[in-house]
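K.L.:
One-letter residues, chain by chain:
Protein chains: 4
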Amino acid sequence: MKEVKSIKVKEEMKVKELVSEMSGMGFGAGKIAKASSILKEMVTDKECKIFLGVAGAMVPAGMKQVIIDLINKSEVFVTTGANLTHDLIESLGDHHYIMDKPVSDEELNKQGLDRIYNVLMKNSVYEKLEQFFERNWEKLKTCTNIKELLWKIGELCPGNGILKTCSDKQIPIFCPALADSGIGLMIWGRLASGKQISIDAFFDMKEIIDIAWTSKKNGVIYIGGGTPKNFIQQSLQFAKGANYGIQITTDRQEPGGSSGAPLVEGISWGKMKNDGKFVDVFCDATIAMPLILASIK
Amino acid sequence: MKEVKSIKVKEEMKVKELVSEMSGMGFGAGKIAKASSILKEMVTDKECKIFLGVAGAMVPAGMKQVIIDLINKSEVFVTTGANLTHDLIESLGDHHYIMDKPVSDEELNKQGLDRIYNVLMKNSVYEKLEQFFERNWEKLKTCTNIKELLWKIGELCPGNGILKTCSDKQIPIFCPALADSGIGLMIWGRLASGKQISIDAFFDMKEIIDIAWTSKKNGVIYIGGGTPKNFIQQSLQFAKGANYGIQITTDRQEPGGSSGAPLVEGISWGKMKNDGKFVDVFCDATIAMPLILASIK
Amino acid sequence: MKEVKSIKVKEEMKVKELVSEMSGMGFGAGKIAKASSILKEMVTDKECKIFLGVAGAMVPAGMKQVIIDLINKSEVFVTTGANLTHDLIESLGDHHYIMDKPVSDEELNKQGLDRIYNVLMKNSVYEKLEQFFERNWEKLKTCTNIKELLWKIGELCPGNGILKTCSDKQIPIFCPALADSGIGLMIWGRLASGKQISIDAFFDMKEIIDIAWTSKKNGVIYIGGGTPKNFIQQSLQFAKGANYGIQITTDRQEPGGSSGAPLVEGISWGKMKNDGKFVDVFCDATIAMPLILASIK
Amino acid sequence: MKEVKSIKVKEEMKVKELVSEMSGMGFGAGKIAKASSILKEMVTDKECKIFLGVAGAMVPAGMKQVIIDLINKSEVFVTTGANLTHDLIESLGDHHYIMDKPVSDEELNKQGLDRIYNVLMKNSVYEKLEQFFERNWEKLKTCTNIKELLWKIGELCPGNGILKTCSDKQIPIFCPALADSGIGLMIWGRLASGKQISIDAFFDMKEIIDIAWTSKKNGVIYIGGGTPKNFIQQSLQFAKGANYGIQITTDRQEPGGSSGAPLVEGISWGKMKNDGKFVDVFCDATIAMPLILASIK
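Heads up: the protein sequence lines correspond to chains A, B, C and D, in order.
Quick note on my numbering: the first sequence kicks off at 1 and runs consecutively.
Quick note on my numbering: the second sequence kicks off at 1 and runs consecutively.
Quick note on my numbering: the third sequence kicks off at 1 and runs consecutively.
Quick note on my numbering: the fourth sequence kicks off at 1 and runs consecutively.
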């Protein structure tokens with residue numbers, strides 16, 4: 001049994017030092033330190049392929065660059081359509097805004113502002129989205145699966161966002177529920193106006209399962225659970241489970257959803273190895289992930 | 001301002017009476033009563049089409065019949081692939097089990113038991129799933145969209161579960177992330193063995209948006225948020241927003257995800273009407289939903 | 001392993017029947033049923049003394065009568081000064097109110113309304129409190145410990161609230177942090193104006209520990225944790241732990257506070273018996289407690 | 001409206017820089033940055049008196065030195081008896097331990113280990129506590145109020161913990177529910193063996209209210225809510241409300257308890273100034289508080 005050591009906060013302290021001090025603590029701080037150590041280990045383990053799953057409105061909150069940093073360490077990226085839509089919106093030149101003081105949703109609606117907790121977005125962003133899809137439709141319409149479509153969008157859009165990074169570096173990006181997003185609405189808009197595109201709903205499964213199947217070791221990084229976590233988890237069954245795992249979520253386990261389930265539950269399913277190194281961090285990911293990432297840079 | 005009335009619990013009390021007493025209370029109890037009253041109103045409003053969105057492992061917890069009761073009052077049902085897989089598993093004759101005492105996930109894995117919080121499932125259920133898809137492949141492989149595939153599965157499976165109910169009554173059932181589920185794995189298994197099926201990832205959007213577009217009034221019932229909630233919400237933008245809404249979730253709003261976002265946030269997006277009747281119930285849905293439903297039966 | 005049985009909700013169902021159906025479920029519903037069964041057992045076990053601990057603003061929410069029902073089954077009642085102050089306020093003829101629609105706290109302050117989540121109280125209630133303490137000071141000032149003071153307040157106040165019930169039935173009522181409440185402020189007001197009273201901060205410990213020490217079996221009912229739970233828990237160490245326990249809380253265990261700690265943690269301390277019957281219900285107590293209580297009436 | 005800026009995590013980054021980057025973000029990260037800025041302002045505002053309230057098992061988690069750092073910036077410190085008992089235990093030479101892997105509470109009980117989430121303490125610590133109180137009883141027994149008793153304990157105990165710091169620097173330390181703690185049990189033990197001490201339960205109220213009453217400006221720092229928060233809040237009514245406020249809690253507001261109530265609710269009561277600067281940080285305090293503190297050092 002290791003003695004708890006009271007954390008000492010010093011002037012001009014580096015994040016690395018702060019997290020190192022946290023390694024002597026219990027509760028959440030100790031888990032941040034453990035996550036830092038596991039992340040470092042999985043990133044430097046050359047046999048390990050990293051599966052990154054990101055749910056929640058991370059891009060609107062300002063986590064885009066952190067996600068890109070993590071993607072650059074990963075073999076596979078799975079996220080929600082919402083995150084990708086917000087990424088594309090920023091790549092096309094629009095922004096998200098911090099809501100400084102409470103304004104009623106009725107008033108926001110009148111001003112054409114969409115709210116995501118304390119972040120706002122102009123409803124007019126959809127205009128540039130529409131133009132982008134209209135302008136590039138000929139190049140997009142030949143795609144036949146979700147990953148191909150997302151890479152193509154990344155190729156065609158300006159800037160250096162998430163889609164662009166995945167496209168440039170050919171990092172597989174999966175998004176099983178892409179229909180459930182602004183990008184989905186753009187596709188629907190073309191279909192509704194008589195245009196044609198045919199994207200297979202199941203095709204991408206082959207690739208993610210193949211990657212899991214052929215890797216020697218696997219690591220997972222989950223922000224927020226949801227479909228991204230579950231899609232990775234089900235693939236890991238074919239890899240005999242993950243060796244490393246970090247999960248950052250504020251959801252509860254009692255209601256039984258995947259987002260709140262502790263990583264250890266995955267051992268019963270064979271999605272996590274019994275002797276793997278895991279940690280569940282109960283924390284807002286916008287706080288925990290930059291802290292953890294900065295500690296290993 | 002209405003005076004708080006202290007709830008009085010009586011012998012042999014009916015659920016209806018209990019929830020009626022709760023209408024005089026603050027905090028969660030008052031919200032249960034408000035949800036009961038809104039549900040009653042949307043169910044009896046003949047102009048209102050109800051969109052039911054269910055996330056979380058509701059079938060394994062024993063909520064199947066409650067969901068079917070709600071489906072029977074709804075125009076559209078959206079859920080996760082997990083719920084549908086668990087429904088199919090039960091229809092094929094397998095069961096879920098309550099974990100009475102703590103057993104390590106390592107031990108559960110050895111015994112071939114998969115854990116979902118305090119519910120267990122034999123890993124062997126996948127055998128009957130495999131057989132079902134193998135046996136019925138010729139009939140399934142001609143489907144071209146997710147709703148059609150799900151209705152077909154419902155038609156072919158025995159019992160009287162969720163898929164069967166939707167199929168029998170031709171209630172549209174949408175599941176944008178179906179690839180992310182045991183059913184998805186069954187499809188992948190056929191594809192991996194060289195069989196052919198081509199399911200469009202975006203096709204269903206047309207139907208759900210059309211339903212929203214053409215309805216006079218809309219009501220939403222959300223259990224747990226996730227993709228089901230978001231997929232309905234984005235369609236409601238085309239209906240000028242919902243008139244009625246009940247959301248039951250234990251997720252927090254601070255991390256910015258859709259599952260924890262209060263319904264009122266939807267007003268800013270035009271997904272909820274400014275003068276609509278909404279309530280967010282912060283409660284485990286396995287407690288809240290049966291209570292609310294029993295109160296209006 | 002017991003099969004999960006899908007709950008069936010029927011017309012005109014009794015609460016008893018609903019909770020009985022919940023006993024076949026996983027997640028929160030199963031825990032409600034378990035709590036019902038444990039409560040029934042501890043109430044009918046003649047050797048068992050029940051310690052009831054109530055934190056949180058339960059009286060303002062409308063839980064007064066439910067608490068009185070539970071007190072009538074209990075040997076000891078521990079609560080916060082806030083609950084007792086709100087009880088006294090109601091006994092003196094004032095009320096709490098449900099906030100129907102959002103009003104800013106600035107506006108509420110101007111209107112002289114104090115907010116407790118969605119419940120309001122007129123700030124003017126303090127006038128009657130002041131008068132009560134002024135009028136009865138001669139009778140109160142001779143009290144020397146907290147229980148005696150609370151019983152005396154109960155004796156002197158009108159109505160049939162919590163304090164009155166405890167006083168009438170001579171049920172020991174403990175409130176270690178009474179200074180931290182409106183009643184505390186009333187005592188402070190007299191002291192500040194030169195009046196005298198001398199209440200011992202530790203005296204009551206003897207009585208609660210003696211009750212725990214001399215009982216054959218103990219049961220605990222905790223709503224919300226806090227000081228009431230902890231004060232009972234520390235006394236139970238002298239009773240070799242509780243045999244029965246129900247805890248209803250929405251707090252998390254990760255930050256390490258007593259309010260979120262599962263009952264099973266008490267086994268390590270010897271506050272809970274290893275073979276005791278316990279359940280932690282993750283639910284708003286205003287929903288869970290009336291439901292559980294109605295199921296055993 | 002301020003644009004969200006994507007956080008950039010750099011090599012060898014200082015905590016100060018990380019939190020500065022967070023100021024451009026939404027959700028929790030933005031609140032950490034806001035808390036940092038408010039803390040800096042209240043610490044440097046010479047007219048401001050800081051009231052620090054700490055609940056939860058912060059000392060066992062390794063937060064002792066962070067709390068001492070904050071006490072050194074504060075005018076008043078209010079905490080739970082548990083935190084003070086754990087502080088005294090460490091001052092007397094015992095330790096807390098990190099639980100590396102899951103062990104059943106039954107097994108821990110056999111090994112004489114008490115569990116606080118993932119932190120352990122030897123049950124034998126009570127021996128040194130007993131000896132301390134036995135040895136120093138003649139000096140302690142003359143105390144007549146809680147603050148005096150706590151300062152005296154601090155004076156008599158070795159080391160440089162929380163109690164010692166408050167005693168040395170004569171920083172008022174209040175603990176309304178001291179009876180509810182290991183220190184309380186030590187007092188009870190003496191009383192039970194026939195020794196005498198008479199500590200007034202309400203005396204300290206005068207001092208904290210006087211401090212609030214006479215200050216020009218007030219700032220509050222709340223970790224975890226509970227009695228410490230409420231005891232400060234009720235005193236602030238007499239100061240016309242706080243000008244600055246930081247609250248770190250993971251409790252929910254829906255169940256109506258003080259620990260989960262947002263600071264803004266205090267405006268209705270007159271405990272917070274309408275034009276004050278406040279922030280609620282939803283985060284495990286062992287993560288958030290060191291991060292915030294390091295950012296202003």
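Any given hint might turn out to be false.
No distinction is drawn between identical chains; accordingly, a pair holds when it is met within one copy or between any pair of copies.
What the hints assert, rightly or not - Computed cross-link-like contacts, DSS-like style, restricted to lysine-lysine with a CA-CA straight-line distance of at most 30 angstroms:
1) K2 <-> K141
2) K217 <-> K101
3) K297 <-> K46
4) K73 <-> K195
5) K147 <-> K8
None of these hints come from the bench; they were simulated from the model.
K.L.:
Between the shortest in-copy and the shortest cross-copy C-alpha distance, which are at most 30 angstroms for K73 and K195: within, between, both, or neither?
P.N.:
Neither, since 38 angstroms and 35 angstroms both go past 30 angstroms.
K.L.:
For the identical chains here, do K147 and K8 meet the 30 angstroms Cα criterion within one copy, between copies, both, or neither?
P.N.:
between (47 angstroms within a copy, 27 angstroms between copies)
K.L.:
Since the copies are identical, ignore which copy is meant and state whether K217 and K101 lie within 30 angstroms (CA to CA) inside a copy, between copies, both or neither.
P.N.:
between (47 angstroms within a copy, 23 angstroms between copies)
K.L.:
Up to 30 angstroms between alpha-carbons, please classify K2 paired with K141: within, between, both or neither.
P.N.:
neither (59 angstroms within a copy, 37 angstroms between copies)
K.L.:
Under a CA distance limit of 30 angstroms, which applies to K297 and K46: within one copy, between copies, both, or neither?
P.N.:
Result: close within a single copy only, 17 angstroms intra versus 38 angstroms inter.
Hints 1, 4, counting from the list given before, are not met by this structure.
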